[in-house]
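Colleague: Protein chains in written order, with our numbering: chain A, 2 to 419; chain B, 4 to 227; chain C, 4 to 267.
No lab work stands behind these hints: they were computed from the structure.
In this text, a Cβ means the ideal position worked out from N, Cα and C, and glycines have one as well.
Check the hints yourself; a few may be wrong.
Unchecked claim - Derived Cβ-Cβ restraints for the label pairs, each shown as a range: (1) B:Ala204 - C:Arg54: 53 to 59 Å; (2) A:Glu356 - B:Arg131: 54 to 60 Å; (3) C:Pro102 - B:Ala148: 54 to 60 Å; (4) A:His141 - B:Ala148: 46 to 52 Å; (5) B:Ser72 - A:Arg148: 36 to 42 Å; (6) B:Ala204 - A:Ser172: 46 to 52 Å.
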Amino acid sequence: MEPPRLAAHALGMRPPDAATEPMASPDHLHPCPALEVLARKRFVAGAAPGFSLEIHFAVPAGISILFGGSGAGKTTTLGMVAGIVQPDQGRICLAGRVLFDSAAAIDVDVSRRSVGYVFQDLALFPHLTVERNVRYGLRHLPEPERRRRAGEILESFRIAHLGRRMPAEISGGERQRTALARALVTRPRVLLLDEPLSALDAATKGRIVDDLRAWNRERRIPILYVTHSREEVFALGERVIVFEKGKISAQGPPQDVLGAPRTETVAQLAGFENIFDAEVAAVHEAAGTMTCRLLPGAVQLEVPLARIEARIESGVESGAAVRVGVRAGDILLAIEEPRGLSARNVLRGTLTSLEEKDFKVLARVDCGAAFTVLLTPDACRSLALAPGQAVWLILKTHSCHLLRGDAELVRDPDRPKP
Amino acid sequence: MNWQALLLTLRLSLVTASALLLIALPIAYWIAYSPRRWKFLAQAATALPLVMPPTVLGFYVLVAFGSSSPLGRLYQHWTGHTLAFTFEGLVVGSILYSMPFAVQPLVNSFLAVDPQLIQASRVLGASRLSTFFRVVLPLSISGVATAVALTFAHTFGEFGVVLMVGGDIPGLTRTISIDVFDKVEAGSYAAANSTSLVLLAVSFVILALVYAWNRRAWPRTPWA
Amino acid sequence: MKNFLARSAVVLAAVLACLAPVSVRAAGPLTIAAAADLQFAMRALIQGFERQSGAHVRLVLGSSGNLTAEIEHGAPFDLFFSADVAHPEQLEREAVAEPGSLVRYAVGRLVVYVPPGSPLDLNEQGLSALENPAVRKIAIANPGFAPYGRAAVAALRHAGLYEKLQPRLVLGEDVSQTTQFVVSGNAQAALTALALMLAPGAKPPGRYWLVPPEDYPPLEQAAVIVKGSSQKQLARAFLAYIETPEARSIFSRYGFALPSEKRP
């Protein structure tokens, strides 16, 4: 029998894109990281005939985001880890245990994989109460242990009072919590989340994610979180893996992958061409804004006021770390210093390069921090722009998006805490 | 009114409906979930009694379990008599005859169960069998009720198969429909009429109950 | 549009073609309804009659009781050949049959029929051979309405066997089904019609034994012309034909005695 390890090139797969986040080659993956997936599958029939998937990634414990447009292969990847979808070739390894290996003819049954899966539609059993849903995966345990564990998890996800209700009788957020509790109560070795929070408002989402993080602080299991929302990537992920047409086009920490995208697709997916680490310099409660200093450097931006969940009573303090994102298309460029504007952020800088492509011009401007600005070729010509020229950038306060700091940001500060 | 025939028919319908449910569940499960491409053949085979004249079906049962067939000899060896002209013979014939009425509603209701619920159950550590009993079956309860009621009603009014394999023995194989037939043949139209009315009334009540049941909205009935 | 009209016309024509034979049935051939024991004899008789008269005859087979019920409710038959006299007489009383048309055309014969390999010694023991425990089921026609069934019960009573053998009796709808129960191996003996034992090319496997005619009331069979018939002329011609020597020889070849020789 073949040794239960398979190198990517043995499958005829291209090695991971050298331009993306450096990834350990398979030879260095012994022993397994928390989760490693190497898989290839071609769909001949069904919902997506002709679609083929070819992926390789390894992730540590903690939240990893699978990010990409619909039909990119994210959900299929979760299915492969869970054992619902069988790869044509490949190897899936979870916490030192081989779940699937085509070369060694290993395919552990779905029911024995110890995965927690929260489906996109949650898939709560409509004929069972919340409590019975949560206890569903505990059949193998003695009754007192079942009751104890279910009680504990219901308590920690704040749904203990709903135990006797049917799924149809509780709110969307409560259903999400029930689904999470049902998956986590079995103490899975990996948690798979398929856009589980996409239907929720930001505040509810933030609180559920906090509970999830708290739960995982002791467990330290890998969590794969599928989303196509850019905001969620920055709000949640320690890592992001970008899916594109069945392949992985980039992976790494969100700010590296999406903040300095090396491919145009990733940049488009990211939407934020300009992402900066920053710290809060001053808070203007009355104006509803705060001033952030971009790091490193002295450039200051005025951004909308947001509260930080951990300090919700006291508001944001100076010195708090945040991240600011600005879309290249949201920035105005002027060749003279503008006057009489409502915009609070006017930055002086030097045009360093111009790059024309597909009726778009990307201008790079150094203002003490490097900005990318999107222009039309027409505008570029009529302003007679050339590298080295002095320019002014104009940013509206509300074009500056706060992304993530060391705590969760709540976008709607008016919403009361439950 | 021939009460003996009525009781016999009720008994036959009850036995057939419960036995057929046990037989149809695995068949319907297989048809609904098997990945095999040729399962449509099995589906067509179970639907055959819909188009086959019941007398033809009864004749095949007669031949298949007669003493000239291996199956019939085996049965005779076990039980000491042939299957024809016995209550069991009627049950076997009725089961074959009502097969599509049990299998089809079950297949439909199994297919109506959200596949994600089945996957969710499997991911939570349940085996296929356990998933069937804990998720698929409770969610298919209206299909099960339809299957049982249709089988019951169909057997209750069954004629051709019973005529072929029954041998018209009072109290044993003379069902209510055969009794009506005998009365018409003998020219006792009034007696045939009164018996037919009972047959009609019972069938209507059963079907009305099925449709009343199926109108009930799902989430209001916590089953487990 | 033109295409649609053309297609509609074709469909319409097809539908009309399907309806046509039903609506013109009244002017069709002679339709004879006959009891099941006549199924082979009647085919030979019809062949002879058609050759002689050039007419076209259609045959409907069934049990006498069933056919009577159908005629009472207006079935489009011209002639009815029953397996008894009671049903034609009843039709005459109810004025559904043409008055005075009743003809006694033959007398049926009852036999005991056993499959090949049966241990019964019928010639030696007669009906009492049926007491043999190897005979678990005995098929007879339903005595409630089938003439041969009544004859079978009478013969068993005459032999003093009816009470004893009754638990083993199974009832066929008519003599055909009664015979079929033995052929398919589900019953070990049948009391049925001689006519079904003699059919050329369709003889069932096994042996038969003629029940002595004096053991049961004669199975006289009668025919009537249906009052609603539109082919009464042709029907009378057929009744005349069955009196001919040719037709009589067909009857005896197929196991029927003739009314004039009731007790051979």
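Colleague: For each hint, tell me whether it holds in the structure or not.
Modeller: Against the structure, the hints come out as follows:
1. A hinted range of 53 to 59 Å for the beta carbons of Ala204 of chain B and Arg54 of chain C is consistent with their spacing of about 54 Å.
2. Take Glu356 of chain A and Arg131 of chain B: their Cβ atoms lie about 57 Å apart, and the range 54 to 60 Å holds.
3. With their beta carbons about 59 Å apart, Pro102 of chain C and Ala148 of chain B fall inside the hinted range of 54 to 60 Å.
4. Separated by about 32 Å at the C-beta atoms, His141 of chain A and Ala148 of chain B break the suggested range of 46 to 52 Å.
5. The hinted range of 36 to 42 Å is not satisfied by Ser72 of chain B and Arg148 of chain A, whose Cβ atoms lie roughly 58 Å apart.
6. At about 49 Å, the beta-carbon gap between Ala204 of chain B and Ser172 of chain A stays in the expected band of 46 to 52 Å.
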